[in-house]
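There are 2 protein chains.
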Amino acid sequence: MSPELHISLSNLQSNIQFFQRMITKNTELSAVVKSDAYGLGIAKIVPEIERCGVRSFFTATISEAIKVRRYSRASEIFTLNGFDFLKSNLYREHNITPIINNILEAQKFIEIFNQTQKVAIQLNTGMNRLGLDKQSLLKNIDIIKLLPLNLILSHLACADDTSNKENTAQKDLFINLCQTLPNIRQSLSASHGALLGNDFHFDMVRPGIGLYGGIRNNELKEVIQIKVPVLQDFIIDKNMQVGYNFTYKAKHKIKAATLAMGYADGLPRTLSNIGKLFYENIPCPIIGRISMDLVTVDISNLPKTPKYLCVFSPEYQVDDFAKDCRTISHEVLVNLGERVTRVYSK
Amino acid sequence: MSPELHISLSNLQSNIQFFQRMITKNTELSAVVKSDAYGLGIAKIVPEIERCGVRSFFTATISEAIKVRRYSRASEIFTLNGFDFLKSNLYREHNITPIINNILEAQKFIEIFNQTQKVAIQLNTGMNRLGLDKQSLLKNIDIIKLLPLNLILSHLACADDTSNKENTAQKDLFINLCQTLPNIRQSLSASHGALLGNDFHFDMVRPGIGLYGGIRNNELKEVIQIKVPVLQDFIIDKNMQVGYNFTYKAKHKIKAATLAMGYADGLPRTLSNIGKLFYENIPCPIIGRISMDLVTVDISNLPKTPKYLCVFSPEYQVDDFAKDCRTISHEVLVNLGERVTRVYSK
Chain A
20 MSPELHISLS
30 NLQSNIQFFQ
40 RMITKNTELS
50 AVVKSDAYGL
60 GIAKIVPEIE
70 RCGVRSFFTA
80 TISEAIKVRR
90 YSRASEIFTL
100 NGFDFLKSNL
110 YREHNITPII
120 NNILEAQKFI
130 EIFNQTQKVA
140 IQLNTGMNRL
150 GLDKQSLLKN
160 IDIIKLLPLN
170 LILSHLACAD
180 DTSNKENTAQ
190 KDLFINLCQT
200 LPNIRQSLSA
210 SHGALLGNDF
220 HFDMVRPGIG
230 LYGGIRNNEL
240 KEVIQIKVPV
250 LQDFIIDKNM
260 QVGYNFTYKA
270 KHKIKAATLA
280 MGYADGLPRT
290 LSNIGKLFYE
300 NIPCPIIGRI
310 SMDLVTVDIS
320 NLPKTPKYLC
330 VFSPEYQVDD
340 FAKDCRTISH
350 EVLVNLGERV
360 TRVYSK
Chain B
20 MSPELHISLS
30 NLQSNIQFFQ
40 RMITKNTELS
50 AVVKSDAYGL
60 GIAKIVPEIE
70 RCGVRSFFTA
80 TISEAIKVRR
90 YSRASEIFTL
100 NGFDFLKSNL
110 YREHNITPII
120 NNILEAQKFI
130 EIFNQTQKVA
140 IQLNTGMNRL
150 GLDKQSLLKN
160 IDIIKLLPLN
170 LILSHLACAD
180 DTSNKENTAQ
190 KDLFINLCQT
200 LPNIRQSLSA
210 SHGALLGNDF
220 HFDMVRPGIG
230 LYGGIRNNEL
240 KEVIQIKVPV
250 LQDFIIDKNM
260 QVGYNFTYKA
270 KHKIKAATLA
280 MGYADGLPRT
290 LSNIGKLFYE
300 NIPCPIIGRI
310 SMDLVTVDIS
320 NLPKTPKYLC
330 VFSPEYQVDD
340 FAKDCRTISH
350 EVLVNLGERV
360 TRVYSK
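These protein sequence lines map, in sequence, to chains A and B. Here the first sequence stands for residues 20 to 365, numbered as in this note's numbering. Here the second sequence stands for residues 20 to 365, numbered as in this note's numbering.
Calculated from the structure, these hints are not laboratory results. All values reported here derive from a predicted model rather than from experimental measurement. Mixed in with the good hints, there may be bad ones.
All copies of an identical chain are treated as equivalent in the list; a pair is satisfied when it fits inside any one copy or across any two copies.
Said to hold, decoys possible - Keeping only pairs whose Cα atoms sit at most 25 angstroms apart, straight-line, the calculated DSS-like set for lysine-lysine is:
id, residue 1, residue 2
1, Lys-365, Lys-44
2, Lys-323, Lys-190
3, Lys-257, Lys-274
4, Lys-270, Lys-153
5, Lys-323, Lys-295
6, Lys-106, Lys-153
7, Lys-246, Lys-274
8, Lys-86, Lys-63
9, Lys-184, Lys-268
10, Lys-257, Lys-272
Bound conformation, chain A alone (with noise of 0.2 angstroms):
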């Protein structure tokens, strides 16, 4: 037996409902769908939100543009990861447009394609990770203006940190630097940005997590719920130990149970005697070592042995689970294993 991720793809249709409430008429709504739409799967994300109207993706690399490509045969998928430009040959092929990030992928850009293919360009405007930062873009605007661009767009570093001042610095210096390259659409935000108001949407928003339940918001639904099959119920009499190196005793008798996931299927061995799982709204104590594939849990407070219990509750979602992860939403998603069987509902 293995976990199931259950996947509400009504909720995810009322997400991306949500951003197309936010925006004008004169934003474009795009879709971030990069590593399997996190960890969602493709294969059924990516025709739910195109039935949705959204008519551009987003994907890290070329290999996932093309499978994205696979389910989506009118849509424009753009690669963040820039311009593999050994693989130029699969750009043309799927119709694929690759992100330029640096002079480099310009020029091979130009000598490979020069007009015959779309292309858009990302700008460094303080993340200091990828893109053409000032200095580079003014320097060589003339390469620049020679690629038949059709997006310019940046990445904010701090847009979960509403307060930050740094997100107006990096929008100002975004304006200042699109004005070099003017009559091109612009993009600055991904889902936390959208959030910030519209003077951050541009001509096109580019949510992610926020579609897949991964923020916590009043009007953002949870899409995921995982369950996870109970295998075994035992007794565990006071002063018996739990797990690999036994880092659980027994202070009292108590009921447990040994459920089939492990660190392999996504349930982080870091929340080993911390984590907890749910029947409905009753946690039950993650006892001992986290394994590979198992899981061994506290059902003491349970009136009877379940079926299966679940990660999340309705008081303890995604962004709590991965706080106890010391982690962030996205981790988790991208994180949960192939044995975990996705399982779509409407």
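With chain A fixed as given, assemble chain B onto it according to the hints.
Relative to the frame of chain A, chain B by itself:
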């Protein structure tokens, strides 16, 4: 561009031979290949292990076992996570041997298969995770004796802690419990247990992580290296900040590079500002937050910008990396993402 996981099949073979030399001719060497052969890829790893003379494989689930069967026609394949009796037809169809973990599974097995299918049993000798404990075994011995058992197994909780007296306690209990089921093969030890000496070998040892280079030992070889392509280099001036939430601020001017590996690929976000990548033996510290698809490092110490950096070095191996991630090699391996291209060499 994506990271490449380079897997040395000759070093895998060398590690198999290390375990083969360690055991006597009455002990069988099997291999644990659950979680896609610890992330290295069942399709290539299973045939390679079989070529070394191994004839028994262990997976966690029936789905994994079916995948192993595709690449190994004649071997015996066991499912550690029990007998998934709702899928009993799959065990017969693919000739998979379930490992019974509790009385319900035993009853279901007898009801469905009677004596027509091979079966193994797991005993709980103290880890308190899965398997029948002494009490259930003795209470239900008449049912258990109806099973056409070909293997009795148990699992050590503290085998990596060589001087822990629990190892001997579990072994003694295992010997004691096996007396109730005479003339059936016995197996207690995985990799670390096998290293405890001949007393722990019984009729079969079941190494997993030890085969794949996750144990630091003079006679075991590293099996994997990860090469991460550089996407872009740039200068970070004093006081400039890097990555999400600007958790890194340059104390002086440095040269940085952004590479195509993020937490979606198995470079845990917890290594932000802590981890490093390598050019040969030269460490390049990770600066700022690791993103989903990208990581930025300080390459000031390198003579020029390389095409790629490595996750491991001769002096910084999988278990060192795991320690920096506050986990164990197993979790590092199974978390390597789908985008990471597996490259096999002899």
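Discussion item. Treating 25 angstroms as the Cα threshold, decide for Lys-106 and Lys-153: within, between, both or neither.
Written reply: Neither: 28 angstroms inside a chain and 60 angstroms across chains, both beyond 25 angstroms.
Fill in: Within, between, both or neither: Lys-246, Lys-274 at alpha-carbon 25 angstroms
Close inside one copy (20 angstroms), not across copies (46 angstroms); limit 25 angstroms.
Worksheet item: Under a CA distance limit of 25 angstroms, which applies to Lys-257 and Lys-272: within one copy, between copies, both, or neither?
Response: within (5 angstroms within a copy, 59 angstroms between copies)
Worksheet item: For Lys-270 vs Lys-153, is the C-alpha pair at or below 25 angstroms within one copy, between two copies, both, or neither?
Response: between (62 angstroms within a copy, 22 angstroms between copies)
Worksheet entry | Copy assignment of Lys-323 with Lys-295, given that the CA separation must stay at most 25 angstroms | For Lys-323 and Lys-295, only the intra-copy Cα distance (17 angstroms) is at most 25 angstroms; the inter-copy one is 48 angstroms.
Discussion item. At most 25 angstroms between CA atoms: does that hold for Lys-365 and Lys-44 within a copy, between copies, both, or neither?
Written reply: neither (27 angstroms within a copy, 58 angstroms between copies)
Worksheet item: Checking Lys-323 and Lys-190: alpha-carbon separation at most 25 angstroms within a copy, between copies, both or neither?
Response: So Lys-323 and Lys-190 fail the 25 angstroms test inside a copy (56 angstroms) and across (33 angstroms) alike.
Worksheet item: Given identical chains, is Lys-184 near Lys-268, meaning Cα to Cα at most 25 angstroms, within a copy, between copies, both, or neither?
Response: Classified as between: cross-chain Cα gap 16 angstroms, same-chain 49 angstroms, threshold 25 angstroms.
Worksheet item: Which holds for Lys-257 with Lys-274 at a C-alpha limit of 25 angstroms: within a copy, between copies, both or neither?
Response: within (11 angstroms within a copy, 58 angstroms between copies)
Worksheet item: Under a CA distance limit of 25 angstroms, which applies to Lys-86 and Lys-63: within one copy, between copies, both, or neither?
Response: The answer is both: 12 angstroms in one copy and 23 angstroms across copies each meet 25 angstroms.
Violation of the numbered hints given earlier is confined to hints 1, 2, 6; the remaining hints are satisfied by the structure.
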